[in-house]
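My request is simple: use the sequences and hints to build the entire structure.
Spelled out, the chains give:
4 protein chains.
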Amino acid sequence: MSESKKQKLLNVDTSDGTDSANSKLKDEFRFSEDPSLEKIREIQAVFCRERNWDQFHTPRNVLLALVGEVGELAEIFQWKGEVDVGLPDFSQEERDHVGQEMSDILIYLVRLADRCRIDLPSAVLQKIEHNAQKYPVNKAYGNNKKYTAYAAEDAGKALPNGDQ
Amino acid sequence: MSESKKQKLLNVDTSDGTDSANSKLKDEFRFSEDPSLEKIREIQAVFCRERNWDQFHTPRNVLLALVGEVGELAEIFQWKGEVDVGLPDFSQEERDHVGQEMSDILIYLVRLADRCRIDLPSAVLQKIEHNAQKYPVNKAYGNNKKYTAYAAEDAGKALPNGDQ
Amino acid sequence: MSESKKQKLLNVDTSDGTDSANSKLKDEFRFSEDPSLEKIREIQAVFCRERNWDQFHTPRNVLLALVGEVGELAEIFQWKGEVDVGLPDFSQEERDHVGQEMSDILIYLVRLADRCRIDLPSAVLQKIEHNAQKYPVNKAYGNNKKYTAYAAEDAGKALPNGDQ
Amino acid sequence: MSESKKQKLLNVDTSDGTDSANSKLKDEFRFSEDPSLEKIREIQAVFCRERNWDQFHTPRNVLLALVGEVGELAEIFQWKGEVDVGLPDFSQEERDHVGQEMSDILIYLVRLADRCRIDLPSAVLQKIEHNAQKYPVNKAYGNNKKYTAYAAEDAGKALPNGDQ
Numbered sequence: 000m001s002e003s004k005k006q007k008l009l010n011v012d013t014s015d016g017t018d019s020a021n022s023k024l025k026d027e028f029r030f031s032e033d034p035s036l037e038k039i040r041e042i043q044a045v046f047c048r049e050r051n052w053d054q055f056h057t058p059r060n061v062l063l064a065l066v067g068e069v070g071e072l073a074e075i076f077q078w079k080g081e082v083d084v085g086l087p088d089f090s091q092e093e094r095d096h097v098g099q100e101m102s103d104i105l106i107y108l109v110r111l112a113d114r115c116r117i118d119l120p121s122a123v124l125q126k127i128e129h130n131a132q133k134y135p136v137n138k139a140y141g142n143n144k145k146y147t148a149y150a151a152e153d154a155g156k157a158l159p160n161g162d163q
Numbered sequence: 000m001s002e003s004k005k006q007k008l009l010n011v012d013t014s015d016g017t018d019s020a021n022s023k024l025k026d027e028f029r030f031s032e033d034p035s036l037e038k039i040r041e042i043q044a045v046f047c048r049e050r051n052w053d054q055f056h057t058p059r060n061v062l063l064a065l066v067g068e069v070g071e072l073a074e075i076f077q078w079k080g081e082v083d084v085g086l087p088d089f090s091q092e093e094r095d096h097v098g099q100e101m102s103d104i105l106i107y108l109v110r111l112a113d114r115c116r117i118d119l120p121s122a123v124l125q126k127i128e129h130n131a132q133k134y135p136v137n138k139a140y141g142n143n144k145k146y147t148a149y150a151a152e153d154a155g156k157a158l159p160n161g162d163q
Numbered sequence: 000m001s002e003s004k005k006q007k008l009l010n011v012d013t014s015d016g017t018d019s020a021n022s023k024l025k026d027e028f029r030f031s032e033d034p035s036l037e038k039i040r041e042i043q044a045v046f047c048r049e050r051n052w053d054q055f056h057t058p059r060n061v062l063l064a065l066v067g068e069v070g071e072l073a074e075i076f077q078w079k080g081e082v083d084v085g086l087p088d089f090s091q092e093e094r095d096h097v098g099q100e101m102s103d104i105l106i107y108l109v110r111l112a113d114r115c116r117i118d119l120p121s122a123v124l125q126k127i128e129h130n131a132q133k134y135p136v137n138k139a140y141g142n143n144k145k146y147t148a149y150a151a152e153d154a155g156k157a158l159p160n161g162d163q
Numbered sequence: 000m001s002e003s004k005k006q007k008l009l010n011v012d013t014s015d016g017t018d019s020a021n022s023k024l025k026d027e028f029r030f031s032e033d034p035s036l037e038k039i040r041e042i043q044a045v046f047c048r049e050r051n052w053d054q055f056h057t058p059r060n061v062l063l064a065l066v067g068e069v070g071e072l073a074e075i076f077q078w079k080g081e082v083d084v085g086l087p088d089f090s091q092e093e094r095d096h097v098g099q100e101m102s103d104i105l106i107y108l109v110r111l112a113d114r115c116r117i118d119l120p121s122a123v124l125q126k127i128e129h130n131a132q133k134y135p136v137n138k139a140y141g142n143n144k145k146y147t148a149y150a151a152e153d154a155g156k157a158l159p160n161g162d163q
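Residue numbers (numbering that gives the first Met the number 0), protein chains in the order written: chain A, 0 to 163; chain B, 0 to 163; chain C, 0 to 163; chain D, 0 to 163.
Incorrect hints may have been included.
All copies of an identical chain are treated as equivalent in the list; a pair is satisfied when it fits inside any one copy or across any two copies.
Said to hold, decoys possible - In the EDC-like style, the derived pairs of lysine to aspartate or glutamate whose C-alpha atoms are separated by at most 16 Å in a straight line are:
(1) 144 x 2
(2) 144 x 74
(3) 138 x 93
(4) 7 x 71
(5) 7 x 81
(6) 126 x 92
To be clear, the hints were calculated from the coordinates, so they are not data collected in a lab.
If you want it as structure tokens, here you go:
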């Protein structure tokens with residue numbers, strides 16, 4: 000990705016009160032700034048090295064551990080029926096549990112990227128840029144179809160007598 | 000978590016050449032510093048708002064999307080047999096694919112935390128602190144047992160004639 | 000499991016019109032009788048042998064393939080919100096897709112059991128018997144708590160002034 | 000599927016000693032014949048009805064429960080490195096655990112099919128037939144590529160000067 004594109008993505012301006020879509024974000028829920036993905040990677044790398052665990056942390060071992068944690072997160076939600084944004088009907092204990100399982104997923108995902116030597120933050124930026132191209136606002140607005148559906152529609156329009 | 004504990008975790012010193020375990024980390028693979036988890040959250044929140052997608056992003060919808068992406072990552076590794084650290088036998092195309100699927104997992108995990116109003120970076124710090132207590136170096140060294148196994152062993156020692 | 004217990008489980012009588020709970024089952028949706036799990040196992044064993052695929056079908060390879068298929072099933076349901084019994088709002092194409100992904104999961108699960116030399120039908124009978132003990136009707140009626148919650152409640156009752 | 004095709008699949012002959020690929024199957028590991036998929040479905044339907052659990056068993060609830068069980072199976076394999084066919088290095092306790100988690104997956108998969116009103120055994124037969132067409136022996140022999148790779152190769156051959 001070019002440096003200018005990267006800066007444009009990183010400096011997305013959400014503070015301009017004149018933008019009706021974005022202005023609502025000003026009072027919104029936010030994450031803490033720390034730790035960064037690199038800091039989590041570093042802490043876990045030291046943690047595993049101190050315990051002589053690198054020998055166990057092959058890519059597929061960590062991948063299966065990640066699958067296990069996703070299963071544990073799913074279990075919290077499994078008998079809930081539809082759940083509202085913000086988890087208003089969850090007890091504090093359940094909310095804490097959700098945070099712990101999400102953390103386990105993130106820790107193993109970061110560890111997996113480290114063991115695969117994949118620069119995860121950089122890969123995410125590229126994917127975000129790619130998604131912006133796949134899902135242009137004018138086509139994706141209020142629409143949960145997969146992007147391949149737009150391509151099919153476009154192909155149809157390009158062939159005025161297309162009988163797809 | 001107390002502020003001092005948090006600072007201790009965030010300031011883990013890996014640069015001291017006198018520490019044999021940590022000194023090796025100096026030349027190690029690292030992630031890019033940007034984007035932060037909060038930046039990813041913010042970019043995705045704007046992205047979804049612009050497309051009027053918040054209506055689709057209920058917690059369980061995003062959770063199932065996360066499960067789907069974990070499946071796609073598993074598919075890349077499924078016929079590989081054991082895979083070495085750094086993915087030396089993967090083609091560049093496969094490496095890129097791994098980075099893309101990891102990114103999709105991270106994007107949906109961040110989005111899920113946002114929609115659940117869970118401060119993911121803060122939850123991760125707490126989990127890391129918790130893991131350090133569950134897996135003390137002296138018991139966990141070179142040992143991939145679950146922490147509950149230590150508790151059982153300790154219980155056995157506390158009962159000198161215990162026959163468990 | 001004793002032969003008599005096994006026969007009792009296999010001969011569960013759902014045809015007696017005097018049993019209010021079970022009588023409703025008479026008109027109910029049923030599966031086709033064929034193929035059996037053993038037949039699926041056998042067909043897949045021959046299929047893989049003819050293609051010289053046994054070399055790829057190590058337990059962890061097949062396990063990751065299973066994870067991939069579960070992800071594909073999840074993707075069909077991911078943007079749906081709550082879905083009713085019988086999938087009344089799914090198109091025929093979506094219903095077929097659901098059946099295909101369920102089939103892939105079953106095929107890989109059977110293959111995984113075969114490659115692990117686990118007698119899956121026998122293991123299922125044992126698990127069903129075990130579940131009947133863990134979830135007695137009088138405690139589990141209309142209750143989606145995990146069985147460990149009953150044990151905790153029982154312990155509480157056994158200690159009338161217990162402060163657990 | 001036509002009845003003759005179905006019969007051909009169900010009557011796959013593995014007993015002919017003159018077929019070098021299949022003759023080895025004669026002494027092979029087999030599953031027990033019971034219970035059938037329909038019997039498992041029926042037992043679970045009665046089990047859930049007796050406990051008034053149908054109210055909890057919406058398709059997405061059962062799907063998330065299935066994801067949870069897949070996670071539990073993955074956890075047994077997560078620190079193992081590559082595992083041999085037949086699990087020779089697993090303890091009896093670990094083997095039993097594998098059988099239990101596979102059973103939980105099968106029970107929830109059958110329950111999910113029941114709640115979606117999908118005839119799982121019939122869907123599996125169709126999928127097996129479909130796979131036989133996608134992976135003809137002459138192209139798939141000793142080859143773990145996805146079937147789409149064959150199509151690409153065929154397209155390439157059909158266009159002798161194709162520059163794909």
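Practice item. Just pull the numbers of the violated hints for me, sorted ascending. Key: 1, 3, 4 and 5
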